[in-house]
Amino acid sequence: MVTPAGDEIYLYGDRAYPLTPNLMRPYRGQITEEQQAFNTEMSRVRNSVEWEFSKIVRLWAFLDFKKKIKLFLSPVGKLYLVGVLLSNCHTCLHGSETSQFFGLNPPTLEEYLY
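In terms of our numbering, the sequence shown opens at residue 2 and continues consecutively.
Since the hints were made in silico from the structure, they are not lab data. Check before you lean on any hint, since a few could be wrong.
Unchecked claim - Keeping only pairs whose Cα atoms sit at most 20 angstroms apart, straight-line, the calculated EDC-like set for lysine to aspartate or glutamate is: (1) K67 with E42; (2) K79 with E53; (3) K56 with E98; (4) K67 with E53; (5) K79 with E98.
Unchecked claim - For each label pair, taking beta carbons as the anchor points, the in silico distance ranges come out as: (6) G78 with P22: 24 to 30 angstroms; (7) S55 with G78: 17 to 23 angstroms; (8) I32 with T109: 38 to 44 angstroms; (9) V46 with D8: 16 to 22 angstroms; (10) E98 with Y11: 39 to 45 angstroms; (11) L20 with Y115: 36 to 42 angstroms; (12) L86 with R47: 19 to 25 angstroms; (13) V77 with E51: 35 to 41 angstroms; (14) D65 with M25: 27 to 33 angstroms; (15) T109 with R16: 35 to 41 angstroms; (16) V46 with K79: 27 to 33 angstroms; (17) L82 with Y11: 21 to 27 angstroms.
In this text, all values refer to a predicted model and were calculated from it rather than measured experimentally. Heads up, the beta-carbon is just placed ideally off N, CA and C, and yes, glycines get one too.
Please construct the entire structure, taking both the sequences and the accompanying hints into account.
Listed below in structure tokens is the structure:
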């Protein structure tokens, strides 16, 4: 993936994802100190993604598919997208663990929904 300015964009995932040209994963095997530092830092940052997934289920318990949603009987994808939208609105109004972690202010609700 390339930005309009020509910069390469990479996604970071865990070992469950296949290695592709624009997906980075943790270094494995015998690694250098720099590679270990990279793994440690990316693991720390990646936790923020998990915080947001857990926030969605915490705010909207009906989206906890392990307990509530009946696969093939509910529009799971649409329900989850609504949960993400509402969670993002909640973050605009109240902040989040992720915004605090990175020292960033979320957009206003008006900015987000515009």
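Comparing the hints with the structure gives:
no. : hint                              : verdict
1   : K67 with E42                      : 30 angstroms, violated
2   : K79 with E53                      : 18 angstroms, holds
3   : K56 with E98                      : 9 angstroms, holds
4   : K67 with E53                      : 17 angstroms, holds
5   : K79 with E98                      : 25 angstroms, violated
6   : G78 with P22: 24 to 30 angstroms  : 27 angstroms, holds
7   : S55 with G78: 17 to 23 angstroms  : 19 angstroms, holds
8   : I32 with T109: 38 to 44 angstroms : 43 angstroms, holds
9   : V46 with D8: 16 to 22 angstroms   : 19 angstroms, holds
10  : E98 with Y11: 39 to 45 angstroms  : 24 angstroms, violated
11  : L20 with Y115: 36 to 42 angstroms : 38 angstroms, holds
12  : L86 with R47: 19 to 25 angstroms  : 23 angstroms, holds
13  : V77 with E51: 35 to 41 angstroms  : 20 angstroms, violated
14  : D65 with M25: 27 to 33 angstroms  : 30 angstroms, holds
15  : T109 with R16: 35 to 41 angstroms : 38 angstroms, holds
16  : V46 with K79: 27 to 33 angstroms  : 30 angstroms, holds
17  : L82 with Y11: 21 to 27 angstroms  : 25 angstroms, holds
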